[in-house]
Amino acid sequence: GENVEQHPSTLSVQEGDSAVIKCTYSDSASNYFPWYKQELGKRPQLIIDIRSNVGEKKDQRIAVTLNKTAKHFSLHITETQPEDSAVYFCAAITGYSSASKIIFGSGTRLSIRP
Amino acid sequence: NAGVTQTPKFRVLKTGQSMTLLCAQDMNHEYMYWYRQDPGMGLRLIHYSVGEGTTAKGEVPDGYNVSRLKKQNFLLGLESAAPSQTSVYFCASSYKGSGNTIYFGEGSWLTVV
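Chains A and B are the protein sequences, given in the same order.
Using the working numbering, the first residue of the first sequence is number 363, and each one after it goes up by one.
Using the working numbering, the first residue of the second sequence is number 3, and each one after it goes up by one.
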């Protein structure tokens, strides 16, 4: 079946450095790719998303890139700060007329070293 | 506007007991979902609903039942709890399906002993 692979599962970076998390999806019909941040003991919250007709999207220190041909998309966090420490999930969503299929990656635990 | 609320937040069950998790959303969303989250497994879809009176199976539906009698509520039932159902359960909702932001509840921590 369809799946989304997310790498790495854990990532530790020095405060101020950049972090990159990558996801690969299998369903070529996927057309919407959100990223969620989940702090310890809290709910996942949307931080950025991208649609299949766009190659890149930025929002301050975070950006997402999409390569439809290769079926992968990435989250980029620049100038990392301690509050960026969390688990990040990617998702690939395929839309149908009356339902949608949402597949989440297995998550990346990002730690920011002071 | 409370968003998505789940009750209870914490529960300990004995094997074989039954319980119901309640999810309520006040955003007039059509779609609602129940996920479970286990360490290293990400979020796995149990059941979902595309509107009042409809339900559908997700990735891991066995051992669970759901009902969507009212648009704002989505109930997840465990008829005979098993230790394998120890997990964190998240309810979520969205306006429609693809391309619309999914909003999550705060989670329900369930332990089956």
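Keep in mind the hints are simulated off the structure, nothing from the lab.
Take the hints with a grain of salt, since some may be wrong.
[Stated by the list, open to error] Selected chain B positions facing chain A (in silico; Cβ < 8 Å): (1) Ser20; (2) Leu24; (3) Ala26; (4) Leu45; (5) Leu47; (6) Ala84; (7) Pro85; (8) Phe92; (9) Phe106; (10) Glu108; (11) Gly109.
[Stated by the list, open to error] Derived pair list, reagent style DSSO-like, types lysine-lysine, alpha-carbon separation capped at 30 Å: (12) Lys384/A <-> Lys16/B; (13) Lys433/A <-> Lys98/B; (14) Lys404/A <-> Lys59/B; (15) Lys59/B <-> Lys430/A; (16) Lys420/A <-> Lys98/B; (17) Lys463/A <-> Lys98/B; (18) Lys98/B <-> Lys419/A; (19) Lys11/B <-> Lys404/A; (20) Lys463/A <-> Lys404/A; (21) Lys433/A <-> Lys420/A; (22) Lys404/A <-> Lys16/B; (23) Lys16/B <-> Lys463/A; (24) Lys463/A <-> Lys59/B; (25) Lys59/B <-> Lys433/A; (26) Lys72/B <-> Lys463/A; (27) Lys11/B <-> Lys430/A; (28) Lys384/A <-> Lys59/B; (29) Lys98/B <-> Lys404/A; (30) Lys419/A <-> Lys384/A; (31) Lys433/A <-> Lys463/A; (32) Lys98/B <-> Lys73/B; (33) Lys404/A <-> Lys73/B.
Here the structure is a predicted model, which is why all the values come from computation and not from measurement.
Here a beta-carbon is modelled for each residue, glycine too, at the ideal position from N, C-alpha and C.
Verification of the supplied hints:
1. Using the Cβ-Cβ criterion of 8 Å, the hint placing Ser20/B at the interface with chain A is not satisfied: the shortest such distance is roughly 25 Å.
2. The restraint placing Leu24/B at the interface with chain A is violated, with a minimum CB-CB distance near 16 Å, outside the 8 Å limit.
3. Checking Ala26/B against chain A: minimum C-beta separation of about 15 Å lies over 8 Å; hint violated.
4. About 4 Å separates the beta-carbon of Leu45/B from the nearest beta-carbon of chain A, less than 8 Å, and the hint is met.
5. Evaluation of the Leu47/B hint against chain A yields a held restraint, the C-beta minimum of about 7 Å falling below 8 Å.
6. Interface restraint check: Ala84/B against chain A, minimum CB-CB distance 23 Å, threshold 8 Å, status violated.
7. The interface hint given for Pro85/B is broken, as the beta carbon of that residue sits about 22 Å from the closest beta carbon of chain A, more than 8 Å.
8. Given the 8 Å rule on beta carbons, the hint for Phe92/B holds: about 7 Å separates it from the nearest Cβ of chain A.
9. At a threshold of 8 Å, the smallest CB-CB gap from Phe106/B to chain A is about 4 Å, leaving the interface hint in force.
10. Taken as an interface hint, Glu108/B checks out: its beta carbon lies about 5 Å from the nearest beta carbon of chain A, inside 8 Å.
11. A cut of 8 Å between beta carbons decides the hint on Gly109/B: the least distance to chain A is about 6 Å, and the hint holds.
12. For a cut-off of 30 Å, the pair hint linking Lys384/A to Lys16/B is broken: about 40 Å separates their Cα positions.
13. A hinted pair counts as satisfied when its Cα atoms are at most 30 Å apart, and Lys433/A with Lys98/B qualifies at roughly 24 Å.
14. A C-alpha spacing of about 26 Å is found between Lys404/A and Lys59/B, which places the hinted pair at or below 30 Å, so the restraint holds.
15. In summary, the hint linking Lys59/B to Lys430/A is supported, as the alpha carbons are separated by about 28 Å, within the 30 Å threshold.
16. In summary, the hint linking Lys420/A to Lys98/B is supported, as the alpha carbons are separated by about 25 Å, within the 30 Å threshold.
17. The suggested pairing of Lys463/A with Lys98/B holds, with an alpha-carbon distance near 12 Å, which does not exceed 30 Å.
18. For the proposed pair Lys98/B and Lys419/A, the alpha carbon gap of about 23 Å is at most 30 Å, so the pair holds.
19. Taken as a hint, the Lys11/B and Lys404/A pair is honoured in the structure, with Cα atoms around 12 Å apart against an allowance of 30 Å.
20. Between the alpha carbons of Lys463/A and Lys404/A the distance comes to roughly 24 Å, so the proposed pair stays at or under 30 Å and holds.
21. A distance of roughly 19 Å separates the Cα atoms of Lys433/A and Lys420/A; the hinted pair therefore holds under the 30 Å criterion.
22. This hinted pair checks out: Lys404/A and Lys16/B have alpha carbons roughly 25 Å apart, not beyond 30 Å.
23. For the proposed pair Lys16/B and Lys463/A, the alpha carbon gap of about 33 Å is over 30 Å, so the pair is violated.
24. Under the criterion of a C-alpha separation no larger than 30 Å, the hint pairing Lys463/A with Lys59/B is consistent with the structure, at around 11 Å.
25. Between Lys59/B and Lys433/A the CA atoms are separated by roughly 26 Å; this keeps the pair inside 30 Å, and the hint holds.
26. Of the supplied pair hints, the one linking Lys72/B and Lys463/A holds, its CA atoms being roughly 22 Å apart against a limit of 30 Å.
27. A threshold of 30 Å between alpha carbons decides the hint, and for Lys11/B with Lys430/A the separation of about 39 Å lies outside it, so the pair is violated.
28. In summary, the hint linking Lys384/A to Lys59/B is supported, as the alpha carbons are separated by about 28 Å, within the 30 Å threshold.
29. With a CA separation close to 24 Å, the supplied pair Lys98/B and Lys404/A stays within the 30 Å bound.
30. Under the criterion of a C-alpha separation no larger than 30 Å, the hint pairing Lys419/A with Lys384/A is consistent with the structure, at around 15 Å.
31. About 16 Å separates the Cα atoms of Lys433/A and Lys463/A, which keeps this hinted pair within 30 Å; it holds.
32. As the CA atoms of Lys98/B and Lys73/B are separated by approximately 13 Å, the hinted pair is consistent with the 30 Å bound.
33. Using a Cα cut-off of 30 Å, the hinted pair Lys404/A and Lys73/B holds, with the two alpha carbons roughly 25 Å apart.
Violation of the numbered hints given earlier is confined to hints 1, 2, 3, 6, 7, 12, 23, 27; the remaining hints are satisfied by the structure.
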